[in-house]
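As they're listed, the protein sequences go chains A and B.
Residues 5 to 171 (my numbering) make up the first sequence, in order.
Residues 8 to 128 (my numbering) make up the second sequence, in order.
Quick caveat, the hints were computed from the structure, so don't treat them as lab data.
Just to be clear, a hint being listed does not mean it is correct.
These stretches of chain B come out as covered by chain A in the derived footprint (C-beta under 8 Å, 3 or more residues) [said to hold, decoys possible]:
1. 26-40
2. 44-57
3. 87-99
If the Cβ cut is set under 8 Å, some of the chain B residues that face chain A in the computed set are [to be verified]:
4. 65
5. 68
6. 81
Here a beta-carbon is modelled for each residue, glycine too, at the ideal position from N, C-alpha and C.
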Amino acid sequence: MHSFSYRANALLTFAITILALMCAMASVSDNFNSPSPTSEVQVLNINWFQKKPDGDDEVSLTLNISANLGSLFTWNTKQVFVFLAAEYQTPKNVLNQVSLWDGIIPSKEHAKYWIHTTNKYRFIDQGSNLRGKNFNLTLHWHVMPKTGKMFADKIVMTGFRLPEAYR
Amino acid sequence: MKSLLLKHNRNISAAAGSTVKIVSILISPMDWQGQKLAEHLMQLLLVCFAVVAFITGYVLGSFQTMMLIYAAGVVLTSLLVVPNWPFFNRHSLNWLDPSEADKHPKPHPAISGPKKKTAKK
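Only chain B is shown next, with the shape it has when bound in the complex (with noise of 0.2 Å):
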């Protein structure tokens, strides 16, 4: 009784854990090298599938192949560089911990400063 109610635990859990996965992947953010990754690959992805896909069409008389190859690479490239996939996450940043803030606190800026303003006048 009790190893059955562990075996479901688990596999609530391990459900838990990749509905996470699947939400993370579409949620979560993406760290600022993986966002640029993201940006060429999609130019770079579209631009070859039409170049490909209008050079196939014209040399096969048929607009049909054109219009077909391209929907493929935009369906392909969608799910390539939509999603957060792992691989855009590898550069992840390092926030400031809170504690380390405290210790340096923030340097006030001059109260002279507008002074200074009507002295150049």
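Bound conformation, chain A alone (with noise of 0.2 Å):
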């Protein structure tokens, strides 16, 4: 502590030093939030079912997505990114899981979700294997901190079925 130059430098790494800890104890203190998050999907309408030129089939679903995720919110978080995915099981993989739509929550004003929108991203299996299959639509979601860790969960969905033949 005896130059100007020195107390300075003490002083930064100090402080960075307790700001770091700080911003461990905002990430710890996350674990004390229990969120109960609810959500539902419709699907309005097939719009179309082929089986594209390579042999993959794909479908056009209209969505309407409703959730609430505001308890997922707490002071440490900066945006909560949400998807929605179709799940279902083929002889070839035992799970699929195909990303149709996905968005960013900036905060928790904008929590109560409500969207009427197709697929954002095309549903598009690995072969021929869509017809009359069951599939479960799963919300997933990241809710990404200021600092520290990342939490992710999700709510299964099921009772969808695609029908029996193309459209």
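Could you fit the two chains together into a complex? Lean on the hints.
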């Protein structure tokens, strides 16, 4: 502590160390949040259902996605990334997950989500297995923090089925 | 004319005096008690500001509030601790005067030192 630069250096180093500790504590405080999100998805319409020239099936859906993800937000949340995936089983793969739509929720005020849309990303199978297929629509979310650990979870909604024949 | 010159000189020396003061606050060394005080003050202030900032941010639910309070704390602490303020120099070091040191010559180490080592072996 004998000179100006020594004191300035010591102060800066100590201040930044304490800042790191504060950010770690903020991340730990996220664990005390017990969220209770809800969501509901309806498939309003199958727009078309075809087999592509290269042999893979493709479906276009119109979806009604509604979710209330407000309880996921804490003081240490930057944004919530949410995506909807169609999950089903085929003889070749035990689990197929196809992302149909995603979005970013920037704050708690925007967390009561309601959207009526066709699928943002194409629902294409690896092969020709989609006729009459039962599938789940799962809403996944990633709670992205300002500092620290990211939490991810999901809600599985079952009971969806594709038609038996191409349209 | 003379009075004007005198005033001018006085202003210059006053300005020079305050410049010397500012430079001494920034550059001159701090005595030992002052260093101890500076270190303890720095640690105490930063930890207190961090605790206050965290609790306030958590209760208000605002990360930005925590950051702003802590940043203000760091700036305040640096203004208080880093420059060499006069209150850090209250116990000044009294180095021995050279003329006084000459009156008491340093004792020379005994020349029989290495011989002692061989004897021990």
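Violated hints, by number in ascending order, as checked against the structure: none
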